[in-house]
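J.: Each chain, written out:
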Amino acid sequence: MTTTDKDVLDVHPDRLLPAEPGLRAIARELYHAVKDLPIISPHGHVPPQWLADDVPFTDPTSLLITPDHYINRLLHASGVSLADLGVNQPTFSAEQSRNAFRLLCQNWKAFRGTPMKFWFESELADVFGIDLVPSAGTADAIYDRIAEAIVTPEFRPRALYKRFNIEFIATTDDPADDLRHHIKLENDPTWEGKVAPTFRPDKYLEPATPAWNGLVDTLGALSGEDTGTYAGWVSAMENRRAFFKEHGAVSSDHSHRDAGMEKLDDAEAERLYAKARGGEITREEGDALRRDFMFQQARMASEDGLVMTLHPAVVRNHHTPSLELFGADVGGDIPMQVEFANALKPVLSAFGTAPNFQLVLFTIDETVYSRELAPLAGFYPSVYVGAPWWFIDEAEAIKRYRRAITGSAGFSRTSGFIDDTRAFLSIPARHDMNRRLDSGFLAELVADHRLTMDEALETAHDLVVTQPRKAFKL
Amino acid sequence: MTTTDKDVLDVHPDRLLPAEPGLRAIARELYHAVKDLPIISPHGHVPPQWLADDVPFTDPTSLLITPDHYINRLLHASGVSLADLGVNQPTFSAEQSRNAFRLLCQNWKAFRGTPMKFWFESELADVFGIDLVPSAGTADAIYDRIAEAIVTPEFRPRALYKRFNIEFIATTDDPADDLRHHIKLENDPTWEGKVAPTFRPDKYLEPATPAWNGLVDTLGALSGEDTGTYAGWVSAMENRRAFFKEHGAVSSDHSHRDAGMEKLDDAEAERLYAKARGGEITREEGDALRRDFMFQQARMASEDGLVMTLHPAVVRNHHTPSLELFGADVGGDIPMQVEFANALKPVLSAFGTAPNFQLVLFTIDETVYSRELAPLAGFYPSVYVGAPWWFIDEAEAIKRYRRAITGSAGFSRTSGFIDDTRAFLSIPARHDMNRRLDSGFLAELVADHRLTMDEALETAHDLVVTQPRKAFKL
Amino acid sequence: MTTTDKDVLDVHPDRLLPAEPGLRAIARELYHAVKDLPIISPHGHVPPQWLADDVPFTDPTSLLITPDHYINRLLHASGVSLADLGVNQPTFSAEQSRNAFRLLCQNWKAFRGTPMKFWFESELADVFGIDLVPSAGTADAIYDRIAEAIVTPEFRPRALYKRFNIEFIATTDDPADDLRHHIKLENDPTWEGKVAPTFRPDKYLEPATPAWNGLVDTLGALSGEDTGTYAGWVSAMENRRAFFKEHGAVSSDHSHRDAGMEKLDDAEAERLYAKARGGEITREEGDALRRDFMFQQARMASEDGLVMTLHPAVVRNHHTPSLELFGADVGGDIPMQVEFANALKPVLSAFGTAPNFQLVLFTIDETVYSRELAPLAGFYPSVYVGAPWWFIDEAEAIKRYRRAITGSAGFSRTSGFIDDTRAFLSIPARHDMNRRLDSGFLAELVADHRLTMDEALETAHDLVVTQPRKAFKL
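Residue numbers (the numbering used here), protein chains in the order written: chain G, 313 to 786; chain V, 313 to 786; chain S, 313 to 786.
Please note: incorrect hints may appear among the correct ones.
Since copy identity is lost for identical chains, a pair holds within one copy or between any two.
Unchecked claim - Derived pair list, reagent style SDA-like, types lysine to any residue, alpha-carbon separation capped at 20 Å:
| id | residue 1 | residue 2 |
| --- | --- | --- |
| 1 | Lys-657 | Asn-668 |
| 2 | Lys-587 | Leu-491 |
| 3 | Lys-711 | Leu-335 |
| 4 | Lys-657 | Arg-569 |
| 5 | Lys-429 | Asp-570 |
| 6 | Lys-657 | Met-765 |
| 7 | Lys-429 | Met-765 |
| 8 | Lys-711 | His-761 |
| 9 | Lys-657 | Asp-570 |
| 10 | Lys-575 | Thr-502 |
| 11 | Lys-474 | Trp-524 |
| 12 | Lys-711 | Trp-362 |
| 13 | Lys-506 | Pro-325 |
| 14 | Lys-515 | Gly-532 |
| 15 | Lys-587 | Asp-486 |
| 16 | Lys-657 | Gly-639 |
| 17 | Lys-711 | Asp-486 |
| 18 | Lys-515 | Arg-327 |
| 19 | Lys-785 | Glu-435 |
| 20 | Lys-657 | Pro-333 |
Honestly, the hints are just simulated from the structure, not real lab data.
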């Protein structure tokens, strides 16, 4: 290819910092004070096997496109078929892989103004040292350079972990998982990092779904508990949580349609549990029992000390044909309205001031930030406001987040940044983006004399180091 | 009158561009690249007769005040009676007209910070060449100068259409309309513009309202279908849609209390239809049948290719006494909360990837932008996020719109600007306002290095030209 | 103590003004034009006894910490027990008081970015002339200097009222209150200020609560009306409203879980009233009757002319154990979603254009600003959009408020600033904060040529003087 000026990728050192020169100078100073601090990633979806086995990545598409539903979904909206991106394609040839990469590059324009552009261009420049803007004309050259890089030892997962300066990373795991990869890492004297599992029991808490009975059987078998009774289900859960904790877990993660956690009286809980085990529970009863299950999880958290994180209110698999063709988690999820104030009253009256209990509340419904989350975290010592997540882990929403919650909750009641990603190579860019944006927000508070520069410098550091450690008990 | 400095209207060339000098320079360059592009107006309420018959406007008040519910409502809130503004006054003397104009000018202060000030002052300066700030002291002079202008040939509707550089404009029309004005324009060899009808069947889709049976009778008569059965209603609708399409329609527009479109099973639909035809349907049943009707409209859209636009969730005629005295559409409508994610799941599972189907989603409830609309448009190739509308077609909300949706949906999933107005003379000012604000937003992305200037220039052009053409299949 | 640079409190004259130099220059000019105008405080919670009896404050903690739930709640979230702050402690020693102050100063970091930091540091600097940043090291010195000051005559409530340049202040009072403090002030020839009571009947309008019957008995006894019937309840209310009005009240204030006001038919209202008096009303019936009571309050307001203010939708006493230990109003309240458009349709159809009726709508749910409140106030001459309140009376939310409502409602449909506080010493800082922020917003409109400087200067003045007078009929 012959490159032109337009092909040259300019990854500016001041990107995402405020434009106004006075603010930028302050923000730059704050950002430079935190940009090289280690990455703490207490919630995410990187496969632990990558680090346990340290196998090389195979090709640019299966690394950067196929599993990344941020990329997939906007290409799909642009008219690209998910099949052509490799989604749920048991066989996908080298030529198909190259073609998928071309589809991304040809449609690069669709990503303007999105965080995917920031992350991907940062990955090209900072991880691969590639200075080409993705386009139809540059697709093959970029593909080839990535393909060449990832077969080298420097691009093995463990080498990248070190290069990315990761201090702690959590994966997300099924309660029935044997955590073999985590155990392998624990037992590997050459491994100096920290990869913690996260207990994610969603499916075991939805008694009105068809898969539930089988899952609960498995849970019983694994834990040696009789899950024929509710008491057995509780013991099995406690057993698996203890197993996870033993292998480094610091938190459990939960995502249901609503944020409810509310105790049923014992007889009603028993009755619904029996009905669910008989496969006869209704949707409404299933919701009530699930809220009781969640109350139990909170009670367990107050005892075993695993931090509880909530990611509620997403319409999963919104497009039925895509679910049928490509499976879950392919980008077809849509956020919906959420309510926390009433939903959490029972559980916070029970455990809100319990010494061992911590609850990090995430939302994709931004309306709750100033209305519910900041007021909750501004009163309960157990509650933290989680960082913007998924659809709102982008520049403008991250700015809104700090603006919405700081007045009621300050900085000390926030979780620190959460990348929540399965895109391992994007982790540095995601944390970097957030450090830039938090620096910009703090710069505003310095510039209008709400904070002194000393206060802002300390706060910038706290947001990267102290807050995630505190919120996740690291 | 003797004018003072305060009377001189200053319509600054940089108005609505960012204040910070660096941003302003970038924004100005972007704005200058698009400010003279033709106007594409794919949704609005200008009476087609104005262009078909090209008759002169009669007086300043009936042109600029009486039919404009943006102006009416804030004057009403300021204590002015709607009757004194000419609303629903079969006779309204020249003196009354002049007096209404005085009431506007005396209360001009109430419009500070609103878009009505921007539009009206732009109209005065750019359309009429008047350099007076409205006030009690200038009211008569302004009135007289407008009155003098509008009797001249330069102010006939067709002359203004040309002068405004309009390339395409859509009206909003009843399914029973004979489209005589559109047909007259079609058949007029001297007419070089494009005025398309829009199919707006709301009233025919609300089976629990008193007027419904009569409307459906009319529809049957016009289409030659037997609307005694649901099948006949469907055929009649298809027939009228085809008629509209034949005369240039590119879209159908829909406004109901919620965004629901959901198929009933056929027997239930037939049963409810029969009940409705018998005048015995309940409000709840009427809502269910209306959602089924809407599903049918979507199905038709997937076949005939008319773009479907949704403007849901307004409490119409909020003030009952005003409805009784002055009729509908006089400014007494109030937005309410809306839900899209669950409401649209059935219809998007059915038609979300259908090649011919396009759905533009408008909202006055801004909470859905980042939570639902951008995620929907960022996955479904059929869905576009509509521009801010009605109460939020103003500077600050337009800025929030881009900030709320771009992270998930980028620019390519948006509708382009929609003026949605019956105020013909404000159309250039409305499009101009939006071009200024989009230039300002893009300037921010350039200034913090999210976009290169080349990318921003192309995007600015796309937003004015490419996006409306794509979203409305022009 | 030995102070260092970090201990020196810098209260910058330009704080909270926009950072960009051009904007700041404009904002500074606007701010300087209004900063010394008198304080009008039409809604708040200062105890009238303070001004009636003019007794000295006793100690820094009971003045600045114990009763201030803004301060309490964030300290509680930071792990401090409410008991250690003196909340609901019948005896609290001098040593405990000093210790509470130390707890505040040690945790001062938690307040970064919150308005409490702005208010408290402004109080230290501007009210007490203290130039120390609160910290563990400075706590005792600050405590001592405040303790020394408040025993002097200059710090008596009436001296501060004068020094703060307060023109009007309203308290919040129970309908059964004998208003003795207000009457004492009325009859005191040496008192030149204005302290008006506010009629706050919430508890008397919740018939499903255990306390209701006793309260209604008291009301009957006080008013000489037979509250055994609904008609008697109405007469008793009218009687007490008249008593409040006679002693200077300009408004009634209302806070319930929703904003509903809707008339029942008379027989149903009588039936529910009788049931409630018999102690047998259900929660749902209680809500319906409460909405009817509220409709009655609106009807009374349209007759006696007391302005009606609404502060709805808070989950009171969210944390049951704190309620049991410390009582109500200790910081454990959490906002929740609110709906106005449908809720207010009946009452605004009845009284929305009544000449004597005025309704000021406050919200902590910001979503309703652009969607419901600005449209309502932009149509109804009786409706005003109240200033940001409680959790959102802080810099970023105040900026959002103007940005969200001005497009539909302009400035003339807003209430002016409301401090809503029981923290007497923070009143100047709260009004000052708002004047700074409104100046900043107006500066933006000048800088992008939406307003001339003359228009902005007049508007800045209106917001401080004209709007509260108009909204509260002062």
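J.: Next, verify each hint and record whether it holds.
T.: Status of the hints after comparison with the structure:
1. Lys-657 <-> Asn-668: For Lys-657 and Asn-668, only the intra-copy Cα distance (18 Å) is at most 20 Å; the inter-copy one is 41 Å.
2. Lys-587 <-> Leu-491: Answer is neither; intra-copy 32 Å and inter-copy 60 Å both fail.
3. Lys-711 <-> Leu-335: Classified as both: same-chain Cα gap 15 Å, cross-chain 19 Å, threshold 20 Å.
4. Lys-657 <-> Arg-569: both (17 Å within a copy, 15 Å between copies)
5. Lys-429 <-> Asp-570: Result: close neither inside a copy nor across copies, 32 Å intra and 35 Å inter.
6. Lys-657 <-> Met-765: For Lys-657 and Met-765, neither the intra-copy (38 Å) nor the inter-copy (49 Å) Cα distance is at most 20 Å.
7. Lys-429 <-> Met-765: Classified as between; 15 Å across copies, 32 Å inside a copy.
8. Lys-711 <-> His-761: Intra 19 Å, inter 16 Å, cutoff 20 Å: intra and inter.
9. Lys-657 <-> Asp-570: So Lys-657 and Asp-570 pass the 20 Å test inside a copy (14 Å) and across (18 Å) alike.
10. Lys-575 <-> Thr-502: neither (46 Å within a copy, 60 Å between copies)
11. Lys-474 <-> Trp-524: neither (40 Å within a copy, 66 Å between copies)
12. Lys-711 <-> Trp-362: Neither. Shortest intra-copy (33 Å) and inter-copy (42 Å) distances fail the 20 Å Cα cut-off.
13. Lys-506 <-> Pro-325: neither (30 Å within a copy, 49 Å between copies)
14. Lys-515 <-> Gly-532: within (14 Å within a copy, 52 Å between copies)
15. Lys-587 <-> Asp-486: neither (24 Å within a copy, 51 Å between copies)
16. Lys-657 <-> Gly-639: Close across copies (17 Å), not inside one copy (36 Å); limit 20 Å.
17. Lys-711 <-> Asp-486: For Lys-711 and Asp-486, neither the intra-copy (33 Å) nor the inter-copy (42 Å) Cα distance is at most 20 Å.
18. Lys-515 <-> Arg-327: neither (41 Å within a copy, 51 Å between copies)
19. Lys-785 <-> Glu-435: Cα proximity of Lys-785 and Glu-435: none, with 30 Å in one copy and 36 Å across.
20. Lys-657 <-> Pro-333: Answer is neither; intra-copy 46 Å and inter-copy 46 Å both fail.
Violated hints for the displayed structure, listed by number in ascending order: 2, 5, 6, 10, 11, 12, 13, 15, 17, 18, 19, 20.
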